[in-house]
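Asks: One-letter residues, chain by chain:
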Amino acid sequence: MNKDAFLATLIGFGVGLLVTGIVLFGPALFKNVKFPKLPTIAFPQLGKPNVSPTPSTETLKDQTPLSHSVSIDSPLSDSLETNEKILISGATSAEATVVISSDTEDVIVLATDDGKYAGKITLVEGQNTISVTAISKDKKESSKTVTVYYTAEEL
Amino acid sequence: MAATASPSATTAPSATPKDQKVEDIKDRVSSIASKAAELQQKQQRAIAGTVKTKTISTLTIDTEKKTYKIELMDEITVVQMLKGKRTELTIDDVAKDDPVVVFGEYDTNLDILKAKLIVIQTPKTLVRVTGKITEVTKADYTITVEGIDGKTYIIDFETATKTSLWAGKDGVQKGGFSKLTPNDIIYVVGTAVAKKENRVSALRITNFFDLSGTIPKPSPTVEATSKPTVKPTIEP
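Keeping their order, the protein sequence lines are chains A and B.
First residue of the first sequence? That's 2 in the numbering used here, and the numbers climb one at a time after it.
First residue of the second sequence? That's 3 in the numbering used here, and the numbers climb one at a time after it.
Among the hints, erroneous ones may be present.
Said to hold, decoys possible - Restricting the straight-line Cα-Cα distance to at most 30 Å, the calculated cross-link-like pairs of lysine-lysine (DSS-like) are:
no.: 1; chain 1: B; residue 1: K198; chain 2: B; residue 2: K134
no.: 2; chain 1: B; residue 1: K164; chain 2: B; residue 2: K140
no.: 3; chain 1: B; residue 1: K164; chain 2: A; residue 2: K141
no.: 4; chain 1: B; residue 1: K171; chain 2: A; residue 2: K145
Source of the hints: derived by calculation from the structure; they are not laboratory data.
For reference, chain B alone in the conformation it holds in the complex:
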């Protein structure tokens, strides 16, 4: 009896390089999508506000927009600028009503910020005035400024006030109270004087003069010299 030929094994259609590439791209797209979703869920973020409540492991912070829940991580760092130095503190130093900036990872799903750094920082309320000098009073070191906003401001020139003179492309030069004259355009950064409307205690003043970017040269002063009049003497 003749041996029957065994049926040859059917081979599965092998994947072409093109199919392989498509699979690779699909894999990459899905991994990018999952990574993006993960990043969207957890993002590095900072919020500024005041401490409303505090427990061992949580804080609630009131901001202008909403109240945030803060989870205090084990390795949390607390810092504050004290006398111009960055000083490391502990979480025990954070108290209710403290103004803080909290840095951490924000979980959008849980609506919670996992805090890794807390900076105790009092926000500065600075006033900025741009205008033309109308009067300089040397007696009490004040400058009257007609603001571009139409208001009239009295600027207190303090001993700590820094004055800069704008020299256009040459940058900024140091100046002083004597360099401020009527009609100069100045930019003032300072703090509002309590209980006095439109009065500013200046921290920094930049003098732009006439905005041309050139510092005017002081005009030479002519000093009058008195010469003794020679009287003719009559000799006998």
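Pulled out of the complex, with its shape left as it was, chain A reads as follows:
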């Protein structure tokens, strides 16, 4: 048998075997292969109106307004103060009426449009428990307290 003819037959057999293998086992093999996702580019189509996607229920839940609450940003709890008058500040609902109340006095301030509030209160020597109550425009209440210690003595 001619040497070239034998080689051609062998190559042909090998190629046939490979094609058969791909046809039979190819789909199963490619299932497990993860291809990188290519970015999709959307081209505007003339004459078609832009349709915004409908938000999912999860997104709608996130967008519902938060319930009325109040927070005290300053001073920190259990802090040691050396000034008799200190500034109490924090955040609440927009334009809420805020009562900053100590054992001896009440200070009333209005929260700003972005819900920030601040008011000065006088401390007594020793422990001071300060209560902050915010009443929203729709007459809902939220309160928080902070404890601070004050002395004018040099420690």
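Knowing the structure of chain A, use the given hints to seat chain B on it.
Replies: Leaving out everything else, chain B in the frame of chain A:
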């Protein structure tokens, strides 16, 4: 014989200004770190609680969270507000079960507070109520309030109760019992009346009216004047 040239002294590589700067920065960083560690170990602090035990040089204070060991420093100051005046006392005046606030330097390593000031202070238990007035009873000076929390409170208006009227940006004005009317929103600070649930003896009342920040003007009262009816007299 020719004199051999003495080998020139090898000079040590001199420190460049850049190296010097790096050294300076390293020194500063280490000094800041040691200072921070020192501060972390000893911090000024205050604790409030009741005296559990007392010796000549120590106290133990029970707080809500834990029991603290207190070391009494030589130059300790003890004060108490008596009849509205700050009165200086001595450490002998501090007794077991006294409510105190201790100021000093807290050593985190030894878990001990080195006391420099003790304030004998009874904590006030105040009640705060926000709500709408539903009834004002002039006969016994009480106000019924429907709290925002859903509870109904009876507020005792005392002779010492301070009343304020919220006028928005104009601040607060003085008021009285007569300025409290049904549907007004009020904020009450007071003390709980013993053995009576949801009853508060008021120390301070702030009237917000309808929360608009304006004090409503009193409506003019029309007094009915009785005019004598003129009877026609018949003259003979």
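Asks: Now look at each hint and say whether the structure bears it out.
Replies: Verification of the supplied hints:
no., hint, verdict
1, B:K198 to B:K134, "20 Å, holds"
2, B:K164 to B:K140, "17 Å, holds"
3, B:K164 to A:K141, "25 Å, holds"
4, B:K171 to A:K145, "24 Å, holds"
In summary, the structure agrees with every hint in the numbered list given earlier.
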